[in-house]
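Here the protein sequences come in this chain order: A, B and C. The first sequence begins at 1 in our numbering and counts up by one. The second sequence begins at 1 in our numbering and counts up by one. The third sequence begins at 1 in our numbering and counts up by one.
Worth flagging that the hints you see were computed from the coordinates, not collected in a lab. Take the hints with a grain of salt, since some may be wrong.
With the C-beta cut set under 8 Å, the calculated list includes, among others, these residues of chain B facing chain A [as the list claims (entries may be wrong)]: (1) Arg176; (2) Phe179; (3) Ala183; (4) Ala190; (5) Gln192; (6) Ser194; (7) Val196; (8) Thr198.
One-sided and incomplete, this derived list gives chain B residues near chain C with beta-carbon spacing under 8 Å [claimed, not checked]: (9) Pro110; (10) Gly281; (11) Leu282; (12) Leu284; (13) Ile285.
Restraint ranges, calculated between C-beta atoms of paired labels, are given here [what the hints assert, rightly or not]: (14) Asp90/C <-> Gly45/A: 26 to 32 Å; (15) Ile149/C <-> Ala264/B: 50 to 56 Å; (16) Ser177/C <-> Lys5/B: 42 to 48 Å; (17) Ala235/A <-> Ala182/C: 32 to 38 Å.
Quantities reported herein were computed from a predicted structural model and do not represent experimental measurements. Glycine included, C-beta positions come from ideal geometry on N, C-alpha and C.
Residue strings, one per chain:
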Amino acid sequence: MPTPPEAPYFAARQLQKHFGGIAAVDDFSAELGRGEIVGLIGPNGSGKTTTINLVAGAFRPDTGTIMLDGRNLVGQPAYAFARGGIGRTFQVPRLFRRMTVLENLMVPALTNTRTSRRQAEARAREILAFVRFEHLADAYARTLSGGQQKLLELGRSLMLRPSLLLLDEPFAGVHPRLLEQIVEHIRTLSAQGYTIVLVDHNLDAVRSVVRRTLVMARGRKIADGPSEEVLQDPAVIQAYTGTRKAIEGRA
Amino acid sequence: MGSIKGTHVLQGLLLLLALAAPVVIGPYWTHVGALAWYYALLASSWALLAGYAGQFSFAHVAFAALGGYGSALLTLRLDLPLALSVPLTIIIAMVLGALMGALVLRLSGPYLALFTLAIAEIFRLMLVAEEDITRGSLGLEVPHLFSGNSDAPYYYLGLGLVVLGLLAMNGLLMTRIGFFLRAIREDEHAAQASGVNTTLHKIIVFVATSAIASVAGIYYAHFVGILSPNMVIIPEMGLVIAMAVIGGIESLPGAVVGAVVIYAASEMLRDYGEWRFVLLGLALILVQRFAQNGLFPFIERILDRKPAAASASAKVVRPEGEYANPS
Amino acid sequence: MTYFLLLTTNGLVIGLIYALMAAGLTLVFSVLKVVNFGHGSLYMLGGYASYYAISLIGVPPILGIVIAMVALFIFGVAFERLVLQPMYTDKVERKDEYAIIVTFGLTILITNLALVVFGPFSKSPPSFLQGTLIAGPLILPYDRLIASIVAIVILAGLAWFLARTSLGQALDAVSQSRESAAVIGINPKRMYTIAFGLGSALAGGAGALIAPIFALSPDMGELPGVQAFIIIVLGGMGSVGGSIIGGILLGIVQGLGVGYLPDPNRALAYTQAFGALLLIVVLLVRPTGLFGRAHLRLD
Numbered sequence: 001m002p003t004p005p006e007a008p009y010f011a012a013r014q015l016q017k018h019f020g021g022i023a024a025v026d027d028f029s030a031e032l033g034r035g036e037i038v039g040l041i042g043p044n045g046s047g048k049t050t051t052i053n054l055v056a057g058a059f060r061p062d063t064g065t066i067m068l069d070g071r072n073l074v075g076q077p078a079y080a081f082a083r084g085g086i087g088r089t090f091q092v093p094r095l096f097r098r099m100t101v102l103e104n105l106m107v108p109a110l111t112n113t114r115t116s117r118r119q120a121e122a123r124a125r126e127i128l129a130f131v132r133f134e135h136l137a138d139a140y141a142r143t144l145s146g147g148q149q150k151l152l153e154l155g156r157s158l159m160l161r162p163s164l165l166l167l168d169e170p171f172a173g174v175h176p177r178l179l180e181q182i183v184e185h186i187r188t189l190s191a192q193g194y195t196i197v198l199v200d201h202n203l204d205a206v207r208s209v210v211r212r213t214l215v216m217a218r219g220r221k222i223a224d225g226p227s228e229e230v231l232q233d234p235a236v237i238q239a240y241t242g243t244r245k246a247i248e249g250r251a
Numbered sequence: 001m002g003s004i005k006g007t008h009v010l011q012g013l014l015l016l017l018a019l020a021a022p023v024v025i026g027p028y029w030t031h032v033g034a035l036a037w038y039y040a041l042l043a044s045s046w047a048l049l050a051g052y053a054g055q056f057s058f059a060h061v062a063f064a065a066l067g068g069y070g071s072a073l074l075t076l077r078l079d080l081p082l083a084l085s086v087p088l089t090i091i092i093a094m095v096l097g098a099l100m101g102a103l104v105l106r107l108s109g110p111y112l113a114l115f116t117l118a119i120a121e122i123f124r125l126m127l128v129a130e131e132d133i134t135r136g137s138l139g140l141e142v143p144h145l146f147s148g149n150s151d152a153p154y155y156y157l158g159l160g161l162v163v164l165g166l167l168a169m170n171g172l173l174m175t176r177i178g179f180f181l182r183a184i185r186e187d188e189h190a191a192q193a194s195g196v197n198t199t200l201h202k203i204i205v206f207v208a209t210s211a212i213a214s215v216a217g218i219y220y221a222h223f224v225g226i227l228s229p230n231m232v233i234i235p236e237m238g239l240v241i242a243m244a245v246i247g248g249i250e251s252l253p254g255a256v257v258g259a260v261v262i263y264a265a266s267e268m269l270r271d272y273g274e275w276r277f278v279l280l281g282l283a284l285i286l287v288q289r290f291a292q293n294g295l296f297p298f299i300e301r302i303l304d305r306k307p308a309a310a311s312a313s314a315k316v317v318r319p320e321g322e323y324a325n326p327s
Numbered sequence: 001m002t003y004f005l006l007l008t009t010n011g012l013v014i015g016l017i018y019a020l021m022a023a024g025l026t027l028v029f030s031v032l033k034v035v036n037f038g039h040g041s042l043y044m045l046g047g048y049a050s051y052y053a054i055s056l057i058g059v060p061p062i063l064g065i066v067i068a069m070v071a072l073f074i075f076g077v078a079f080e081r082l083v084l085q086p087m088y089t090d091k092v093e094r095k096d097e098y099a100i101i102v103t104f105g106l107t108i109l110i111t112n113l114a115l116v117v118f119g120p121f122s123k124s125p126p127s128f129l130q131g132t133l134i135a136g137p138l139i140l141p142y143d144r145l146i147a148s149i150v151a152i153v154i155l156a157g158l159a160w161f162l163a164r165t166s167l168g169q170a171l172d173a174v175s176q177s178r179e180s181a182a183v184i185g186i187n188p189k190r191m192y193t194i195a196f197g198l199g200s201a202l203a204g205g206a207g208a209l210i211a212p213i214f215a216l217s218p219d220m221g222e223l224p225g226v227q228a229f230i231i232i233v234l235g236g237m238g239s240v241g242g243s244i245i246g247g248i249l250l251g252i253v254q255g256l257g258v259g260y261l262p263d264p265n266r267a268l269a270y271t272q273a274f275g276a277l278l279l280i281v282v283l284l285v286r287p288t289g290l291f292g293r294a295h296l297r298l299d
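All chains, please: the whole structure from these sequences, using the hints.
This is the structure in structure tokens:
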């Protein structure tokens, strides 16, 4: 079973990101302690994925800092974020479709020039075991089902032993049986001490894994605290107005 | 990966055929063959650039012209010996290739194609305009590499360059760099999120393929003996693209075969005039439409047919040999 | 002063025709997200379609323009259905590449087919109207005057169509987001077909307009094709208004350049290179073009 490193302290401060006049992320700040797992929720268009992209280094914030274990990551190229301890999954899985499952996993490991192919493969097989994909090692990634692709991406995000794991909608579009498995994996990772930010619309699934929830609406953070309190917060309910059902959990 | 596969046997056979050919086919076709190697070098290196690294560059023939004109002008105007002008030209091409790679970093797809097309056009127009240096459309005469009337030495030199080029490119692909290139081609964002320095790798590919293109141009210049800006016209780039796409855009040997077959066919069908290019355009569309990875990998797959891997969830898992193994 | 006026007006005429062609190209890009690398050959086909309509069927030259546009619309629809449609399914893996390659193949196919069928020698269709307009310092052959007027009319018609008709707005919707358009009941695939047909028709119309001015030849689409790419990048990929402004600007600048640069050989080459240089600079600085917009807009 893979073991995480000493998960460092994380802080995003006053992140701003405008796209052509629209503030996709407006003055977002949050702090996570080592090993914390938090949910990040909000209605469509609230800026959750943009925030994830900022923290992962895919976009550069207009202003603001991103501190991971005392280092400000802003300004570095995206790949440096990954090598610097950020692991992430994408809303729609971005796999190397015509490479095998094993090769998909090996890519991150090989970016460290001091890692040999054998070591990379060994680590990949560790992760394969964790997501229970040993039998799929030589399958091409594009032959996997949607849920399997999500799992593979989760596995890939773990390869470099991330200090911070960003999961963007890991439950979306996954059928119930596989969803259980993903929830279980995330619980395991959290128990092992990984620091995790979990973004999803499936509030039941999110609530079953996290104690603390952040809520975004229209680019701003409108709530941050224990999940039960946050979900009763009038501001949060108002943000979800018209979709009250969502607060009470999906059927 | 170490076993001898059907495709290796096929390539070996083709190589033997190529080695023996001049003896059988006569001087005219040896000349054609020697020219085909020029295109083979361009098509295979372009396949690496566009097929493997996903950089759809329209400036490839411009680098060939850079090689040809560079070596020619350094030899003619600065009186440098070939032993000096050739490496110098290649280095210049590599530097400019790196520059190109850096410039196109933020571009993709059609933007990258348009950008590189514009660069190629500017280069061509400069060659036309600066008549004093390049003799423009009148043509620049270049000293031949080998004396004598036979094209056989050129043929074998060309073949040697193609083989060396393939070995070098395969060597690159076998390394970690090649692995990351595949990942970048599949999904650049995912590659970055996985820690791959996509910038560096794209530049590496540009440097490598520009070098090979310039070598092709140098070969062409000192073989044919005359250079003109028509080397860089868009239809020439189109020909290289067609060769790579039809032969196999992700298969380096496929691109070589594509180049040879198409060039030889265009010679054989010379009597039919422009119909051969009508055919080429049609072939290009049809191959893209029905066999997007080219014909050579299609043939390779038939030779390499493996039994489907047994697995617990056989319904979901169907390993397919879509990705052509470099060699 | 008259030399300058002459160059400018001629540049304006050419610019309007380029704008027409570029508008077609940008329309296709904004709706299908495809740069049609065969656009120049469609322009050439339009010229020949008009020529043969006039010489074989005997229609008056002005009608030749209409016939060219209709013919090219049909051709565009056919090409889109046969060759581009598979792109929208999962069968095609690298869509950008596919589009570039097949549209390039189109150019190779059409240009060489034209060479074989029409012959390499240039043909001159009859003028729209013989004679030259002389108004004060302005000297303009009627052909060019009519070509500009027709180009303006077509462009205005296009603008009205895109802004005011439901079909035009449907095209705009798809160019912004095919998913959202589908949600409100627009069939994206039908829009792709229509957009490609329209874009081809615009190119064909441009070719028919320029035919009496510059004569026809199978390779006449090469340079204008490159100009069209430059214009849509300058004007903003997807902005019809930008194409119009970009086209006019480029036409005028090129007209002046050829007229004023001393060395004729250099003048021609560098005037053309100037456009390409503009494209490079714009792409480096603002990859979405000067009036950059990812979707279709009039201004």
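Verification of the hints:
1. Arg176: 5 Å, holds
2. Phe179: 6 Å, holds
3. Ala183: Status holds, d = 5 Å.
4. Ala190: With Cβ-Cβ at 4 Å, under 8 Å, it holds.
5. Gln192: Given a least distance of 4 Å, the restraint on Gln192/B holds.
6. Ser194: With a closest approach of 4 Å, the Ser194/B hint holds.
7. Val196: 6 Å, holds
8. Thr198: Since chain A brings a Cβ to about 7 Å from Thr198/B, closer than 8 Å, the hint holds.
9. Pro110: This interface hint holds because 4 Å falls under the 8 Å limit.
10. Gly281: Holds: closest Cβ of chain C sits about 3 Å from Gly281/B, inside 8 Å.
11. Leu282: Holds. Min distance 6 Å.
12. Leu284: 4 Å, holds
13. Ile285: 4 Å, holds
14. Asp90/C <-> Gly45/A: 26 to 32 Å: Check passed, 28 Å falls within 26 to 32 Å.
15. Ile149/C <-> Ala264/B: 50 to 56 Å: 52 Å, holds
16. Ser177/C <-> Lys5/B: 42 to 48 Å: About 46 Å separates the Cβ atoms of Ser177/C and Lys5/B, which means 42 to 48 Å holds.
17. Ala235/A <-> Ala182/C: 32 to 38 Å: Roughly 34 Å apart at Cβ, these two residues keep to the hinted range, so it holds.
In this structure, every one of the numbered hints holds.
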